[in-house]
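2 protein chains.
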Amino acid sequence: MKILERPIMPDGFECASVNCGLKDEGKDLSVIVTKEKANAAGVFTKNLFPGVPVVLGRKIIEKGELRAIVANSKISNVGTGDLGIENAKRTAKAVALEFDIPVEDVIMSSTGVIAMQLKIDLIENGIKGLSEVMSKNPVVAAEGIMTTDTYPKAISIKVNDAVITIIGKGSGMIEPDMATMLVYILTDAKIDKADLSKMLKDAVKDSFNMLSVDTDTSTSDTCLILANGLSGDIDKNTFFDALKFACIKMTEMLARDGEGASKLLTAEVNGAKNESEARILSKSLINSPLIKTMAYGADPNIGRILMALGKCNECHIIPEKMEAVINGTIVYQDSNKADFDEDNLRKSISGNKVSITINLNVGSGSAKAYGCDLTQGYVEENAAYYSS
Amino acid sequence: MKILERPIMPDGFECASVNCGLKDEGKDLSVIVTKEKANAAGVFTKNLFPGVPVVLGRKIIEKGELRAIVANSKISNVGTGDLGIENAKRTAKAVALEFDIPVEDVIMSSTGVIAMQLKIDLIENGIKGLSEVMSKNPVVAAEGIMTTDTYPKAISIKVNDAVITIIGKGSGMIEPDMATMLVYILTDAKIDKADLSKMLKDAVKDSFNMLSVDTDTSTSDTCLILANGLSGDIDKNTFFDALKFACIKMTEMLARDGEGASKLLTAEVNGAKNESEARILSKSLINSPLIKTMAYGADPNIGRILMALGKCNECHIIPEKMEAVINGTIVYQDSNKADFDEDNLRKSISGNKVSITINLNVGSGSAKAYGCDLTQGYVEENAAYYSS
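In order, the protein sequences belong to chains A and B.
Residue numbers 1 to 388, in my numbering, belong to the letters of the first sequence in order.
Residue numbers 389 to 776, in my numbering, belong to the letters of the second sequence in order.
This is chain A alone, in the form it adopts within the complex (with noise of 0.2 Å):
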């Protein structure tokens, strides 16, 4: 398998995007859409105020099969009552309309602004001639549903004679307890509907399930994978280690392009009690304000990861067996400081990408997690949100 310099749409789907009022500049709608009706799986936020489109969404994905997605940003759909109801279903109507497939076979995405009603009209006005303007480039797709996002995320992946291609947003706002903001995992190899489902739970725990920006969890979280079938079957295996490698690749997209963000930070925990251990060590080291402040900062501060390790006082740590090592220096080992070259950290921590592994030498447990820095731009970005 190797990731393809340029992301392509698997064979039999197409997209477009388009700018149809929400946002003052800027693609705000896009459509994806399947010739073939694709096998489709879906996870969503587990958070207790879903948006409209996550409680249809897991609805219209019960039945494992879909031929199309349409998603806009700027406006959530998130705390609108029945209102909101009635737009996320003519959104749906409008896609089934224009593109003449089954309404229960679309499934829509919202993202954005919380509490307030989406502007139907403009959806319903921006999805009318799509159908004649579609791309085969899924950074099109990519573009309408950016948010805070810097850049449009797609990639794709060859395994065997299939493709598989993620087009993905997600700047803050991210703590996914089931997935990321939005992303859409397209693909033309031929896997049931069983095999699918299992397939997106496993691959999403080791990747959007392990990114964080900012602890802070969305409402509208939606993780969805379609597969047509039309490049026919592959091994399970060996479609499921590539898959897992291309969620993973989106995670360290989004991450580094979290809010504000300068640099990519990961944390792995090794040795572990058990795997929940590693899972809940390695979120705490991502999550800390400090561990994310020193990352932007350049500093190989010890403090604070025995702090953030520390503070999980329901994990077993044996401090005496434990060693942290940071982009690859040993810091920390028999209960005290190592001896390291500081200067020569320093400057690899300056570069884009902050790397801490801890060994607990307790289990055989391990995890690891995606994050970013803590800047200056995270908080000017997030200040100056006007939800009005």
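No lab work stands behind these hints, which were simulated from the structure alone.
Treat each hint with caution, since some may be false.
[As the list claims (entries may be wrong)] Mimicking DSBU-like on lysine-lysine, the simulated pairs with C-alpha atoms at most 30 Å apart in a straight line are:
| no. | chain 1 | residue 1 | chain 2 | residue 2 |
| --- | --- | --- | --- | --- |
| 1 | A | LYS46 | B | LYS661 |
| 2 | B | LYS411 | A | LYS368 |
| 3 | B | LYS390 | B | LYS507 |
| 4 | A | LYS89 | B | LYS709 |
| 5 | A | LYS347 | B | LYS507 |
| 6 | B | LYS661 | A | LYS59 |
| 7 | B | LYS434 | A | LYS347 |
| 8 | A | LYS2 | A | LYS23 |
[As the list claims (entries may be wrong)] One-sided and incomplete, this derived list gives chain A residues near chain B with beta-carbon spacing under 10 Å:
| no. | residue |
| --- | --- |
| 9 | ASP82 |
| 10 | MET307 |
| 11 | TYR378 |
Where is the CB? At the ideal position from N, CA and C, for every residue including glycine.
With chain A's structure known, arrange chain B on it following the hints.
Frame of chain A; chain B shown alone:
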């Protein structure tokens, strides 16, 4: 009971502070001494990498009696192995010698950089002669324990014949699981050991344990109470009410002076299924970076409130029953944004206090959490921090 305009020492307590050379400038070493042995109790961090003073302090406090506290700033004596233990004991010995008191009646605290050894010679020298310069002004002791605090914190409350004085520090790395950074509560009231211990735990639960500046938990958090009995007996309930009131006032002071903070942020949750859920939900609000930047940016962002509540997906929330209030203005009810005067509310939250109140109407659990906004100042302060 009332807060005194200027803090004073309770009868029998004295303090001193000095620059012993740990910091380039400013006081870095404080002692507090009571002329009569005091009943004492303490609560400490639950972090799995506790500082040496916390490990030793848990033992020292077991007998429930103290004569002196010695505390240094700049170096925390955490992650320092056997030498750290020896240095902490030498600090206590120096105080015992200087004040002619038993070494087992001296408790020590250290706050500052982690994984660095105390400069014990400087500390021992600094302690020499302190008994000659003892002061009745608690601010003197507060000065020696400051790290990133912008001012020394001490308050006194008069309750019947007794005085309760709290000396505290704490600015970042504050989400205590037992107490906040360093808080010393001194009183001349006569309270027996068992009552003192219980009252401290109860008061801390609703005050310092509901404080969060940045979700991070210090390895040195310590809260001690010393009651030397010189003002005689007092009604227990009266004393407890005053103690809790004073602890909440100090909590507010610490929150307001969080690193880079420009305003106090409080989150009160009423009508939760039970007290435990009310605590989880109010902490979730106070800890959310998006709520904290919204407070800074003075935007009444309902979406972020729903998000921060909703991400506690094990709590019981019925969106239709919920009501959200910011600074006295209802902003959300009946599953929808409420009608309110946005300009007026923006003006109000542009001030130095943002209070969020949530009425869940599903039970009778209540809790209130204390925090601060997230500003560029926090990022600057913590990115610039140099750990060696």
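Taking the hints in turn, this is what the structure says about them:
1. Restraint check for LYS46(A) and LYS661(B): the C-alpha separation of about 19 Å stays at or below 30 Å, so the hint holds.
2. For the suggested pair LYS411(B) and LYS368(A), the alpha carbons sit about 38 Å apart, so the restraint of at most 30 Å is broken.
3. In summary, the hint linking LYS390(B) to LYS507(B) is not supported, as the alpha carbons are separated by about 41 Å, beyond the 30 Å threshold.
4. Our distance criterion of 30 Å between C-alpha atoms is met by LYS89(A) and LYS709(B), whose separation comes to about 25 Å.
5. For a cut-off of 30 Å, the pair hint linking LYS347(A) to LYS507(B) stands: about 29 Å separates their Cα positions.
6. Between LYS661(B) and LYS59(A) the CA atoms are separated by roughly 29 Å; this keeps the pair inside 30 Å, and the hint holds.
7. With a C-alpha separation of about 34 Å, the suggested pair LYS434(B) and LYS347(A) falls outside the 30 Å cut-off, and the hint is violated.
8. Restraint check for LYS2(A) and LYS23(A): not satisfied, since their Cα atoms lie roughly 36 Å apart, outside the 30 Å limit.
9. At about 9 Å, the closest approach between the beta carbon of ASP82(A) and any beta carbon in chain B falls short of 10 Å, and the interface hint on this residue holds.
10. Annotation: interface hint on MET307(A) holds; nearest CB of chain B at approximately 6 Å, less than 10 Å.
11. Taking 10 Å as the C-beta contact cut-off toward chain B, the hint placing TYR378(A) at the interface holds, the least distance being around 7 Å.
Of the numbered hints listed earlier, those contradicted by the structure are 2, 3, 7, 8.
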